[in-house]
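Chemist: Assemble chain E onto chain V, guided by the hints.
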Amino acid sequence: MTLGPIKSAQEEPAAGERAPTPPSAIRIDGLSFSYPGAGRLALREVSLEIPDGVFALVAGPTGSGKSTLIRTMNGLVPHFSGGSFSGRVLVSGRDTLHTRPRYLADVAGFVPQDPGAAFVVDLVEDELAYGMENLGIEPLVMRRRLEEVSDLLALESLRRRSVRDLSGGERQRVAIAAALAAGPRILLLDEPTSQLDPQAAEDVCAVLQRLVHDLGLTVVVAEHRLERVASFADLVVGCVGEGEVVQGPPADVVEVLDLGPPVARLGARLSWRPLPLSVREARRYVQTSPEPPAAVSRPPGEARASVTKLEAGYDREDVLTDVSLELHAGVVAALMGRNGAGKTTLLRCLSGLKKPSAGRVLVDGAPPVPGRSVALCPQAPDSVLFRDRVEDEISVTLAAAGLRDGPGPHLERLGITALASRHPRDLSAGERLLVALASIAASGAGVLLLDEPTRGLDLEAKHRLVNLLRIYSDEGRAVLLATHDVELVAQVAERVIMLASKEVIADGSPEVVLGDSVVFAPQMTRVLGPGWLTVEQAAAALA
Amino acid sequence: MHPGAWVAWSAGASVVALSTTNPFYLLILFGASWAVQAAWGGRSRGVRSFRFFAGAGLAAMALRTGLVVFGPVNGGSIVMALLEGLRVAVLLAIYGAFNSVSDSSALLRLAPRRLQEVALAASLGLTLAPRFADTAVQVAEAQRMRGLGGGRLARLPALCVPVLESGMEQALVLAESMDARGHGRGPRSRYRPQRFGAWSWTTSALSALGAGAFVAAATAGTGDLLVAAAPLLWPQATGPLVAGALLFSAPALWPPSASRFERRSEEFS
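Residue numbers (the working numbering), protein chains in the order written: chain V, 1 to 543; chain E, 1 to 269.
This is chain V alone, in the form it adopts within the complex:
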């Protein structure tokens, strides 16, 4: 691999002053920052140091300043955000206050949260070359690096495709490769695994670790879903709230944060020290093998939706063949599978948005009527919301469905009355999802479908989502949730449907389907064996 910086590309015209000997990749001294118009500080008196060649994880709940902190490391804060900025950030010895992001591009590569929105050109290959072109890298060097990063991230088959036609996982890989191709010594990634299936997320983490180990790159990852990333990190920067930041070895910081991966939360409950961050570490603490808890099986309610011999695809290319299943009242089911396995296609057929090319979809005995008999909550909750107040969002749907009851009782039943008079834009990502879901479900549709709802949600927000889904299923609705988040599935789902190779390859209780899986097993299953799903179960048995 020769991904290191090229000499000629390093000589940029208006670099900030260089420290005599750069002691660390990133050094932050006494940094305080607030966004324009914001009353409170997003970062308060932050001082930290990330040495060269480490894998650093910036962790913390949503809204704790993770994204802000990572954006200070290539100058997007304050150059793009505006706001009041004091203190100093040195990146490879360059002071970000006096160096625009574009003049840091050769030392710090950046992969934003939603790479799809950040792609500049249309063809994957051109996108990979874009950063290199800006740095003025020689065409022959570009050719070579392009080959290398495509190999490294397995992009060979995607190079002539349009970036707009890629799946979430493919986009993430292209964005990382594009950042890497420019040859930076530091790679900054904002929630790189949030759209990936477990296997793809694992692959991305492994690639990042390889960059650190083999090439000596410094990788900084902002994440709140720690179950995959925590065990790779050499160093954790914890955003603990109120703009404060702590830095230290992973186990120590994760303990302070209290949002660690399931193994860490189990360890915290059982006072295991040092706190385990990986499944392997947790196994050392488990000597006994207790009997798994008896699976609670309730008789399912009546079938509310049925799919018979469904075939569907795009442009004569099959995505699903011969899929048959039923969804039952009062059951929360999870739809899982790799990126591109056809989850979204199945949801679109069920919701009536897409006509199957063969087979039949029935909801309550009739073809699905979107917004009446069935409702699909889309990946981006922002595409749902358009009113100034949360309660108005609910009222709009109720009125369209011809329902007389006001939004009040509705919000109360869901436990989100406190949000009633807030503006949807002022809510956190998690709250926006709750409101979007509530305003879609207010139509009274008996079948509720959710497409990847957990993107950008922290533990607390997921907890509230779980409650909402339980309320809806208790009302007798059938809920189907497409997700990559195995830990969420372990908490909420009574049934797991697994898609692969255009077909349903497993359908049953989570104990069976997840317990049996190499890729999709939740951490408790990995530590204690099949039948164990949640931290609560395990903590009760091992206490």
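Treat the hints with care, since some could be wrong.
Stated by the list, open to error - FRET-style restraints, in silico, Cβ to Cβ: (1) V:S86 - E:G125: 26 to 36 angstroms; (2) V:L97 - E:F196: 25 to 35 angstroms; (3) V:A358 - E:L164: 56 to 66 angstroms.
What the hints assert, rightly or not - A short, non-exhaustive set of chain E residues, derived as facing chain V with CB atoms under 10 angstroms: (4) A142; (5) L148; (6) A158.
For the record, the hints were derived by calculation from the structure and aren't laboratory data. Heads up, the beta-carbon is just placed ideally off N, CA and C, and yes, glycines get one too.
Modeler: Structure of chain E alone, referenced to chain V:
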């Protein structure tokens, strides 16, 4: 083909559309846009982009006509409104076709260095415009899920607010991403620069010829370019100008040497 050739094509076609309200010429241009888009467009992206802009054009045409109907009505004014609406629809179809056949950002990367800041703003606009099509579809689907369907004016906020808001957000994300990746730093290099080859020259020349014919006719006041309201007469189409307008469908005859986009796969999966 070189993106510059597509600029020549769409500029020429736009000149023609702007010079006339004669429905014969306008319909030929609409057909040419469709043919070019069908021959050259990326399968998924192109079709979506063209359909969106052609649809928006037809909606604009209906709106333009509708506004007149509510005013003082006479046959002439309705026909004029209809034809002007058709002109707008054709312009949007040309833009839609341009979008689907060429990578607008590829074009802007050719912009001279002095114009980098201008190019940044322009490329944000050009890159985001086609994405509006995708966002609009997403938002319309989301609102359908709430039982808010139909094309009634009262439903307009449900569509426009999320589309505009996410448009603003996307613009910011994109601008950030471009700067973070070194856009506007200084001398740039080019990965596989595209040649302005024979087909590019031919397309540019034919487009200039077609546009020239209409400009000449407009200057000379011949060719029945503008339909008169009173007296309302059925317009005539002249042979040379029909040929001039047909020139814009010529690129549909060249072979796209290699399809720029491979098959779309698992787009929604």
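Chemist: Taking the hints in turn, state whether each one holds.
Modeler: Checked hints:
1. V:S86 - E:G125: 26 to 36 angstroms: holds, 35 angstroms
2. V:L97 - E:F196: 25 to 35 angstroms: violated, 43 angstroms
3. V:A358 - E:L164: 56 to 66 angstroms: violated, 39 angstroms
4. A142: holds, 4 angstroms
5. L148: holds, 5 angstroms
6. A158: With Cβ-Cβ at 5 angstroms, under 10 angstroms, it holds.
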